[in-house]
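Full structure from sequences and hints, please.
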Amino acid sequence: MTEVVAEPNTPERTEQRLVVDELRKTYGAGVEAKTVLDGLSFDVRSGEFVCVVGPSGAGKTTLLKCLAGLLPPTSGTSYLDDTPIDGPPEKLALVFQEYTRSLMPWLTVAKNVTLPLVNKGVSKHEMRKRAEEALDAVGLTDVPGKYPWQLSGGMQQRVAIARALAYQPEVLLMDEPFASVDAQTRFELEDLALSVRERFGITVVLVTHDIDEAVYLADRVVVLGASPCQVREIIDVDLRGPRDQVETKAQRRFTELRSRVFELIRAR
Amino acid sequence: MVVITRRRSSARSARTVGSNAVIVGAGAVLVCLLAWELLARGPLAGGPFPTVGAIAGGLAGLAARVSFWSSLAETVLTALVGLGLAIIAGVVLGVVLGSVEFVYRSCRLIIEALKPIPPIVVMPLVLLLLGPSTEMGMFLVFYGCLWPVLIQTVVGVRDADPVLIDTARSFGFGRFQRAVRIVLPGAAAFIVTGVRIAGAAAFVIAVVSELVGGAPGIGRDLFVAQNAGLYAEMYALVFVMGVVGLAFNTGLGAFEKWMLHWHPSVRREVVA
Ligand SMILES: Nc1ncnc2c1ncn2[C@@H]1O[C@H](COP(=O)(O)OP(=O)(O)OP(=O)(O)O)[C@@H](O)[C@H]1O
Ligand SMILES: [Mg+2]
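Note that the protein sequences, when read in sequence, are chains A and B.
For the first sequence, my numbering begins at 1 and goes up steadily by one.
For the second sequence, my numbering begins at 269 and goes up steadily by one.
Derived from the structure by calculation, the hints contain no laboratory data.
Idealized CB from N, CA, C, for every residue including glycine.
Be careful, since some hints might not be right.
[What the hints assert, rightly or not] Capping the alpha-carbon separation at 27 Å, the derived lysine-lysine pairs in DSS-like fashion look like this:
(1) Lys146(A) <-> Lys525(B)
(2) Lys129(A) <-> Lys146(A)
(3) Lys129(A) <-> Lys91(A)
(4) Lys525(B) <-> Lys111(A)
(5) Lys111(A) <-> Lys129(A)
(6) Lys120(A) <-> Lys91(A)
[Unchecked claim] Counterexamples of contact, computed for chain A against chain B with all Cβ distances above 10 Å:
(7) Glu132
(8) Val196
(9) Glu247
[Claimed, not checked] Simulated coverage check for chain A against chain B, where a stretch passes if three residues somewhere in it have a Cβ under 8 Å from a Cβ of chain B:
(10) 115 to 123
(11) 258 to 265
What follows is the structure, encoded as structure tokens:
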């Protein structure tokens, strides 16, 4: 893992990690055909935290599935470190929108977290260590022997994030990860996402329809229009100091950015 | 509040019902034995209805004979081997059929056609091929047990949660790894149901293959005892079959609980 670069615009930052080039996705064919992604282009730099916002049904999940190599685009290409993505890339992990359904109910929390490591040639000892580290990073240390269904929704989400971390990805994709938890947990998980980026120096792409969340978390916000969606605008989030739920959100710039994103989404 | 109270009380009453059920069940058994004894001594005396005491004597006589125990072992082995092979074949075929759409479409008609044919109907053919042997019995058990396991596996595999499959794909799991690590455990509830249905049939088919087909085992012993007019021994054998059948089902029930301890149908929510 490379060192975390906290300040924006340092030279290391400008290195492009993920490039999305004219991505187009049409579901179905003939009269049933429905174009969801209508030529999206943007890029994500190494170590950057990018939030993608767009209205419900815009095609955000579709976009992430294409980036994760789970869904072939109809046309256009995305690249991870200059390699076209045509299958699930090893360096990339995805936290699903339906996270409760993405945990295996027959495996304990610890086994769930280490599942992605089984064919990476990682030793048993190393697996245990990584599971401990990952669960520690998400603040879950006393549940490794429990089953996912014995945990609350917020805890299950932490397990899903821990699993992605144990995989030690260089790029982490998250699909509306905090949509179904209460406000307090949501703030905690948002700060968790930020600390994880700092601690592991990974590049994060997070999809959300919550504008506050996008502005609070992101270095840049990619605003998508309604379906069939295109990139409306890419906004640089120039907020002062480290992010803090109270201080950051009290900044005038925060309010301005929020209104800007809101207007973009609302515009027809 | 209401729900909790009700759950608590129903848990408690379930326990009392449990012990009550044993008492009531034992009582019913006693009543039946008594009725049998009265009939055997009274209106049906002299017919093919030995008294309870005579049957108990027959049972003791059986237990003292080595040939009885080897017959019993033969029957249980036939049932277990047939069932085991059916589970292996049914699960492997079921996973292939359930996950490859083309194979599923091609085989569906054949399965639908073969499924309703009871094992006893194919017995003459199997008898011709294998003779009245243990293998014949095993094959019939296998044949009878295959369909429930196979069909349940196919249904379970096709029911796999696409989110779990995508999750596994994003880990770089290939087809085989997904089948073993995701699809099979995900289909476990369906498969276990199939195994239960099959297991209940396995012992019955084994006995029938001996009784009708002449394969060695307690089924054939029953046929012999009946022909020789040894009624006490005959009923003793029937009693043994009942007990073994019950043991089979109890064992399968425990197997189900063990396999599905994580499944919503079995698991008990543990307070954290
Ligand atoms: N497999 C599919 N087949 C056909 N249409 C699909 C499929 N998946 C998604 N869609 C359609 O594509 C559109 C975008 O779906 P998508 O799930 O990407 O939206 P989203 O932005 O993630 O929405 P949300 O915020 O509600 O999660 C929707 O209209 C949906 O109906
Ligand atoms: Mg979505």
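message: Under the constraints set out in the numbered hints, which ones does this structure not fulfil?
response: 11
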